[in-house]
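Peer 1: Spelled out, the chains give:
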Amino acid sequence: MILVGAVGVIVRKHPVHAALSLVLTLFGVAVLFVAQEAHFLAAVQVIVYAGAIVVLFLFVIMLLGVDRVENLRTEPLSGQRPLAVLASLGLVAVLITAILRGNQIFNERGTGLNLPDAQDGPDANTVQLAESIFSQYVVAFEVTSVLLVIAVVGTVLLTRRTRATAE
Amino acid sequence: MMALSLVPTASWYLVLSAVLFGIGTLGVLVRRNPLVMFMCIELMLNAVNLSFVALARELGDINGQTIVFFVMVVAAAEVVVGLGIIVSIMRNRSTLTADDLAGLKG
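Residue numbers (the numbering used here), protein chains in the order written: chain D, 1 to 167; chain U, 1 to 106.
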């Protein structure tokens, strides 16, 4: 299902259809997060990605009126597509080979925090993640909040200035 | 060399994330619409997140999930800035194709 959505993102001609395929993929990844006991990240994935980001994409598509069918038949650069397919397949082959060769590191357990057991309660994953973020990575957390503020202010400035010059 | 077993182990998750990353790369290389290219970049980020979570579980380390959290926040900021740039470009142009954006002059 995830791969169907991912392929849908790159083969659908209509940008809205591509965005909806992206929703399918993001929900599938969220389900895999739940399956791997990352409950908080699954919730964040659904809210931030499938909620906010895709809605933002659809909003921009509708705002700009670019929701027309892209012509995928014509190739802009000659020979680009076979080369792109070849490069992607090579990348996947290299990654899979590395994964299979590196399989034996799974025999050595990590030395960090242990993931919660089932008897720790349903909130154990969230509690552990919060302890990690707010104790070990609290500086990075604050820097991230500054980054978000800068992004919002920069975007507002970007769109306002161009409208002022256009008028 | 170990073979993949049929139960969903961490290797399956890693292979899935590699394939997702490859599809995202292919999309960025092939598609000409900047919006769809952004979606493919999101796809690649999700693939990396998936591999982080799989390794965090397999190695018993919560810090992988912490990094995934930060990646999500930075991706949200990146999408906001990128879509702002696309909107401001589209105010002056009618078509939206990455090949037309070769010049930086407005």
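Hints listed in this document are in silico derivations from the structure and should not be mistaken for laboratory results. Be aware that a few hints might be false.
To be verified - Which bits of chain D does chain U cover? Going by a derived footprint, with three or more residues having C-beta under 8 Å, they are:
1) 9-19
2) 23-32
3) 41-50
4) 85-98
These numbers come from a predicted model, not from an experiment. Note that the Cβ used here is the ideal one computed from N, Cα and C, for glycine as well.
Peer 1: Look at each hint and say if it fits the structure.
Peer 2: The hints, checked one at a time:
1. Counting residues of the region 9-19 of chain D whose CB lies closer than 8 Å to any CB of chain U gives 5, so the stated coverage by that chain holds, three being the minimum.
2. For the region 23-32 of chain D, the stated coverage by chain U holds: 4 residues have a C-beta nearer than 8 Å to a C-beta of that chain, and at least 3 were required.
3. For the region 41-50 of chain D, the stated coverage by chain U is satisfied: 5 residues place a CB nearer than 8 Å to a CB of that chain, which reaches the threshold of 3.
4. Here the region 85-98 of chain D counts 8 residues with a CB under 8 Å from a CB of chain U, which clears the bar of 3, and the coverage holds.
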